[in-house]
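Chemist: The lines below spell out each chain.
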Amino acid sequence: MLKPEEVTSAIKSEIEKFKKKLRMESVGYVLQVGDGIARVYGLDEVMAGELIQFSDDTYGIALNLETNNVGVVILGRDELIKEGSLVRRTEKIVQIPTGKALVGRIVNPLGQPLDNKGPVAAKTFRPVECIPPNVLKRQPVKEPLQTGIKAIDAMIPIGRGQRELIIGDRQTGKTAIAIDTMVNQKGQNINCIYVAIGQKLSSVVQVAKVLEAQGAMEYTTIVIASSEDPAPLQFLAPYAGCAMGEEYLYNGQHALCIYDDLSKHAQAYRQLSLLLQRPPGREAYPGDVFYLHSRLLERAAKVRDDLGGGSLTALPIIETQAGDVSSYIPTNVISITDGQIYLESDLFYAGVRPAINVGLSVSRVGGNAQTKVMKKVAGMLRLSLAQHRELAAFSQLSADLDQATKDQLNHGEHMVELLKQDILSCVPLAQEAVMLYAGNNGYLDDVSLDLVKTFETEFCDFLDRNYHVITHDIATKKDLTAETENRLKEALAAFKRDFVARHVRS
Amino acid sequence: MKQFQVANRYSGSFFELADQEGRGEELADELSAIAHSFREQPEFFDLLQNPLVKHQDKYEAIRKVWSGQVHPLTEQFLRVLVDRKRMDVFPLIAKHVHDLVQKKKGVEEATVVSACALDSEVLDTLRKALEQITRKKIKVALKVNAELLGGLQIRVGNHLLDDSVKTRLESLRARLRTMNV
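As given, the protein sequences belong to chains W and C, one line each in that order. Using our numbering, read the first sequence as starting at 3 and increasing by one per residue. Using our numbering, read the second sequence as starting at 82 and increasing by one per residue.
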């Protein structure tokens with residue numbers, strides 16, 4: 003608890019130390035204001051991207067430096083800014099507070115708090131725009147980032163420092179994957195930053211509530227530029243979130259940044275550019291919309307061990323219109339990222355959740371970012387699921403199939419069933435591994451489809467009670483040794499006898 | 082901001098012509114006076130910009146109002162602006178020409194804002210001090226604004242020297258807010 007005299011004395015000493023240096027500042031005057039853009043005359047030595055202060059304490063960024071005037075985007079309300087009012091330089095490139103003070107907080111893209119937990123007392127600041135680490139400072143992505151979602155960890159592994167796009171139509175569970183991933187980072191030494199761009203405030207509040215309820219806010223920062231915020235703030239939000247992540251990256255820690263979503267970000271930037279009278283290109287986006295996203299996502303990296311070995315993983319989200327991945331922004335971001343998780347509404351409504359389309363989803367980092375045990379149990383999973391899909395499409399045409407084909411179809415159906423997972427039911431690595439092992443080796447094939455889920459929960463309980471050693475071994479060694487495999491086989495056989503007996507009878 | 086480029090061109094050529102005749106300052110004052118009258122009589126300014134009114138009628142209006150009152154060059158300049166449909170940038174041009182004249186004379190205008198009225202002696206000291214800093218001739222204009230509470234704010238061109246109590250209090254508040262206790 004703070005004692006009142008402590009506060010008073012602190013303030014006293016602060017006031018005594020306070021001295022404002024008197025010097026010439028360079029100022030400007032507002033010529034024109036409107037649509038969140040101000041044209042300013044003067045500001046002689048202003049830098050591109052510098053933070054500008056208006057007379058009513060609103061801030062802006064100098065984006066266009068022209069011969070006679072400076073184009074400033076206003077980060078806030080423009081109603082109180084008047085023609086002819088004074089504009090001051092801050093002599094700082096736009097920067098935001100970073101570090102521990104932000105953990106568990108909800109802030110706007112300038113780092114100002116939006117929750118009522120008092121001011122953000124940050125000790126460190128970082129510029130919002132920053133040059134990404136170069137080739138020499140990086141190392142390949144090799145450390146896995148567990149999402150806790152079986153389908154992703156098995157087939158589309160994400161590594162620390164990777165950029166994996168989550169793409170899909172509205173209402174296909176894109177944010178759900180992001181939330182699950184954040185919740186699963188508990189105790190993994192990863193700091194999460196969730197950047198909400200152009201979303202409804204109601205949905206952002208919901209995300210915040212879920213994270214709070216799951217205890218994920220202990221290591222998470224939420225940056226909000228909702229749809230009611232002006233476009234400049236929405237434009238700034240992902241860069242601000244990234245800068246908060248970089249603080250961890252360059253200090254040898256790990257961070258996960260989620261940009262939800264970048265299509266809204268591109269739209270906000272389009273609005274800005276058109277208002278600043280930059281020429282429009284395809285779909286009226288400005289020419290540098292590719293660079294807009296590439297410079298953001300390139301900042302995700304895994305740095306060399308002698309530089310601390312920190313990492314910043316980026317999970318951008320893109321919303322497509324009616325499954326069209328070939329429109330401008332989706333193709334751009336697909337080509338920038340190291341792979342994508344493609345979610346389909348057809349699958350979603352067919353009950354396959356997470357609705358991941360296995361054929362179109364890839365992770366270009368591949369097996370490097372997988373633990374040994376995952377590689378062993380899930381190596382062939384992608385291929386066999388792809389074969390199953392083909393076979394299933396083909397078998398719809400003919401009624402009588404030979405036994406081998408029927409078996410293969412049956413196996414595939416069970417694997418699809420096994421990969422289904424509810425939201426907020428993250429699975430630890432060991433459990434993922436044993437279940438995939440069971441599925442792959444056909445232990446589930448003769449269990450009826452609606453019992454697969456029961457099988458999973460009961461088997462995990464069974465392991466915890468009787469074969470604790472297996473899960474412990476996998477979790478610590480991250481490998482499936484021959485010895486453990488034999489034990490697992492034994493456990494599966496024992497459990498299955500019991501399971502079949504119980505469920506056939508009832 | 083195309084208007085700026087336009088205003089620059091027009092004011093540049095007008096100033097050169099006026100300067101050749103050695104009447105730069107006089108004509109600049111005329112332009113300022115006209116700009117002032119436009120502010121007072123916006124209807125008349127609108128009339129000169131109105132695309133529905135014939136050029137001939139606009140010339141007539143200009144002749145009636147200013148002929149004999151202003152230098153012929155100024156009148157011709159107004160007619161050129163009507164002809165080129167650039168009347169809308171006139172206020173900008175007037176300001177630009179004024180700036181050009183000041184620049185030619187090497188005089189910089191300084192606005193001193195203070196919380197209470199200052200006597201001429203203080204202003205004179207200020208002027209001398211500013212002349213020393215900027216190495217230019219300074220013309221001081223005083224504005225009184227009680228909101229400053231105390232101290233001075235001096236604006237020279239695009240520069241500001243701010244030592245008002247108001248600003249000091251504000252920056253102190255900003256600091257106390259982010260203070261670590």
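Any given hint might turn out to be false.
Stated by the list, open to error - Straight-line Cα separation of at most 30 Å, DSSO-like style, residue types lysine-lysine; simulated pairs: (1) K224(C) - K84(W); (2) K209(C) - K23(W); (3) K21(W) - K247(C).
Claimed, not checked - The following residues of chain C were derived to be distant from chain W, with all beta-carbon distances above 10 Å: (4) G103; (5) D127; (6) H136.
FYI, nobody ran anything at the bench for these hints, they're computed from the structure. For clarity, every value in this text was computed on a predicted model and none was experimentally measured. Cβ coordinates follow ideal geometry from the N, Cα and C atoms, glycine included.
Chemist: Compare the structure with each hint and give your call.
Modeler: Quick rundown of the hints versus the structure:
no.: 1; hint: K224(C) - K84(W); verdict: holds (19 Å)
no.: 2; hint: K209(C) - K23(W); verdict: holds (22 Å)
no.: 3; hint: K21(W) - K247(C); verdict: holds (14 Å)
no.: 4; hint: G103; verdict: holds (29 Å)
no.: 5; hint: D127; verdict: holds (19 Å)
no.: 6; hint: H136; verdict: holds (29 Å)
Figure legend: structure checked against the earlier numbered hints; every hint is met.
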